[in-house]
Amino acid sequence: MPGKSVLTGIWNTVKSIKAAVTLILLIAAAVTVDVLLLAKRWDPDITSTGGLPAGIHSNRWFQALVLLLLVNLSACTADSLARRLRARKINMRGLGSAVFHAGLIIILAGTLLSGNFRVLGTIKLVQGEAKQIPYREITSRDAARPGGPHFSLILKEQRVENDEWGDIKEIYSAIVLSDSSLAGSEQELAEQEKVTYRGLYMFPSSYGYAVSLDVEGPGETPAGRLSIPMETTEYGEGIKAYHRDSFKMDFLPYNFSFKFYPDLGQESADGGRLINRSQALGNPGLLISVQDKGNYVTEKIIRPGESIAAGDYRVVFRAAKPWTQLSSVYDPGVKPVFAGILFSMTGISVLALYSKPN
Amino acid sequence: MFDVRIQLILFWVSVGFCFLGTVFFIVSLSFKREGLVKYGVLSSLLAFPPMTAALIFRWVQTGHVPSIGMYEVFTIYACGVLLFFLIAQALKPSVRIAGTVVLPTIMLMTGIGIMSSTELTELPKTYFTYWLGIHMLFATLALGGILISAGLAVIYLVKGGQEARGMLNPLLAKLPPLNRLDYLGYRFSLFAFIMIGIMIASGAVWAYKSWGRYWGWDPIETWSLISWLAYGAYLHLRVMGIKGKTAAWLHMAVIALVIFSFFGAPYLYPTIHDRFVDGTGL
Numbered sequence: 001m002p003g004k005s006v007l008t009g010i011w012n013t014v015k016s017i018k019a020a021v022t023l024i025l026l027i028a029a030a031v032t033v034d035v036l037l038l039a040k041r042w043d044p045d046i047t048s049t050g051g052l053p054a055g056i057h058s059n060r061w062f063q064a065l066v067l068l069l070l071v072n073l074s075a076c077t078a079d080s081l082a083r084r085l086r087a088r089k090i091n092m093r094g095l096g097s098a099v100f101h102a103g104l105i106i107i108l109a110g111t112l113l114s115g116n117f118r119v120l121g122t123i124k125l126v127q128g129e130a131k132q133i134p135y136r137e138i139t140s141r142d143a144a145r146p147g148g149p150h151f152s153l154i155l156k157e158q159r160v161e162n163d164e165w166g167d168i169k170e171i172y173s174a175i176v177l178s179d180s181s182l183a184g185s186e187q188e189l190a191e192q193e194k195v196t197y198r199g200l201y202m203f204p205s206s207y208g209y210a211v212s213l214d215v216e217g218p219g220e221t222p223a224g225r226l227s228i229p230m231e232t233t234e235y236g237e238g239i240k241a242y243h244r245d246s247f248k249m250d251f252l253p254y255n256f257s258f259k260f261y262p263d264l265g266q267e268s269a270d271g272g273r274l275i276n277r278s279q280a281l282g283n284p285g286l287l288i289s290v291q292d293k294g295n296y297v298t299e300k301i302i303r304p305g306e307s308i309a310a311g312d313y314r315v316v317f318r319a320a321k322p323w324t325q326l327s328s329v330y331d332p333g334v335k336p337v338f339a340g341i342l343f344s345m346t347g348i349s350v351l352a353l354y355s356k357p358n
Numbered sequence: 359m360f361d362v363r364i365q366l367i368l369f370w371v372s373v374g375f376c377f378l379g380t381v382f383f384i385v386s387l388s389f390k391r392e393g394l395v396k397y398g399v400l401s402s403l404l405a406f407p408p409m410t411a412a413l414i415f416r417w418v419q420t421g422h423v424p425s426i427g428m429y430e431v432f433t434i435y436a437c438g439v440l441l442f443f444l445i446a447q448a449l450k451p452s453v454r455i456a457g458t459v460v461l462p463t464i465m466l467m468t469g470i471g472i473m474s475s476t477e478l479t480e481l482p483k484t485y486f487t488y489w490l491g492i493h494m495l496f497a498t499l500a501l502g503g504i505l506i507s508a509g510l511a512v513i514y515l516v517k518g519g520q521e522a523r524g525m526l527n528p529l530l531a532k533l534p535p536l537n538r539l540d541y542l543g544y545r546f547s548l549f550a551f552i553m554i555g556i557m558i559a560s561g562a563v564w565a566y567k568s569w570g571r572y573w574g575w576d577p578i579e580t581w582s583l584i585s586w587l588a589y590g591a592y593l594h595l596r597v598m599g600i601k602g603k604t605a606a607w608l609h610m611a612v613i614a615l616v617i618f619s620f621f622g623a624p625y626l627y628p629t630i631h632d633r634f635v636d637g638t639g640l
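Quick mapping for you: the protein sequence lines, in order, are chains F and G.
So in my numbering, spot 81 of the first sequence is number 81, and the numbers just go up one at a time.
Add 358 to the 1-based position in the second sequence for my numbering, that's all there is to it.
These aren't lab readings, by the way, just hints derived from the structure by calculation.
A couple of the hints might just be wrong.
Distance condition first, Cα-Cα at most 25 Å in a straight line; then the derived PhoX-like pairs of lysine-lysine [claimed, not checked]:
(1) K603/G / K18/F
(2) K156/F / K124/F
(3) K18/F / K532/G
Restraint-style ranges between C-beta atoms, simulated for each label pair [unchecked claim]:
(4) L342/F / T487/G: 17 to 27 Å
(5) P451/G / I17/F: 55 to 65 Å
(6) G199/F / T487/G: 15 to 25 Å
(7) L274/F / I617/G: 30 to 40 Å
Quick caveat, the model's predicted, so the values are computed rather than measured.
Every residue, glycine too, gets a C-beta built ideally from N, C-alpha and C.
The task is simple: from the sequences and hints, build the whole structure.
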């Protein structure tokens, strides 16, 4: 029967070691080309905050190659095991090989899950403010996935530990996590220490300050209250700048730029440019620049309780608070990958112990 | 006591013994003086205590496993490979001659290490984990397996070539037959394959604990994966029947790739493994 012989031919190809070697070499070649090209676009900071560089691993054709290897491995393993069972030739070497390849199959399945369903995100928490986190949305690549359950995070306190030279040694964030079914659980986390919630993994990755502002309209009528997180830019050697550029408030026609100094000082005793004397909150100051349609309106440095006038409005600097940014990772492929690693390591150890020369 | 100068003196003593051992191995092969092999092994044995002492001094001085910067990384790898060679040759005396390749490599690695900056660097927070030790241990074991299998592959090719020309060096003639050398090389490459696999796996666990992801396509990670895949392809080709000279040359190509992954790739890219080579980054 020609149909049967075609199927047999396909099966023989799928389960062949030649196909496995071809696929392994194809994947290795693709990854090699990618890593050589990567030199031009690589940024180690992306990975250290949990991100991934764009590369061939996110392409469908590469995932298809991995899927083909998974199918080939499954077929090879199943065929080999079936042949051994039929011949009643189950030995430790065969068993080790089967377990090793089964482990690889699980790893490949896990990596495909990660590649298609891993979600990375960030959550910025300002000290003292509660934030509702939509669990379904933050664990899905489909942003429009409304509905519960939600959980809340509060940065209760941020504590800075300095070294003997006064530089920051460690920052600890006391974070309270709660949802409707749980009493709030509090954890104090240092950088890269994690808190997990239903498979969602969160860890502090950066820090900074947020400024609280009151905006008053004509006649000192309250127009709004805002908490604006500053962006943190690091220049090495522990030098950081806290700023927010081109910020627009809904109720004001102006563009604002902020530069925040946690411990304001001047370069020299008789003046000079403004500097940060330390990264800890000491003598806070906020430089506000106001622009209207690209035209400079006013600029002033103010302390807590002071204000700046912008047209008929007045912006009052109330206080500065620290914020902690959590990097979040939801990856359903992690467990299969680690389970697969255990399997494959067990299998290959057995295989190595009982291997024979070919 | 734990001063860098003392460490450097100890490392130089070690390099001296490695040099001596290399001379013994090469002379034994070149001038057909079989008796010198045991002096080569003795020199490598004598190189081990000062190297270990220097690393222990560094450990005490820094308060962490030597693993940051070229000075620490190259010397700890060299010491690990030396230990691996000493154990392997004690268990299987037939691999002794691989010292011809292994010992000069150890000497070169130690030399590169001690010529690099010995400045103390603070360990980043993500390194305060026992996974660092596990990762380094298996990297060292992998390197040991790779270098010994490289030595065996070289000896195989030299002996094979001489046999084909009908003018076999008497020392090489006393070594195991070609098929046995081939088998030993295969076993060590299988060992290296497993060790690279565990090194990658332990790195994945460590990365997951530090950054919430087990794989980040960091160039060094990727080069390790390429090496592992290349080893996988090589081992499968052996199962398919490729052996002898072709297998030895193929093996040499894979070894070159792995050596590049270990020592070449970290210089091509700014990676999160930068700490390993220059003590900066992160």
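Practice item. Hint by hint, work out which the structure violates, then give me just those numbers in ascending order. Key: 3, 5 and 7
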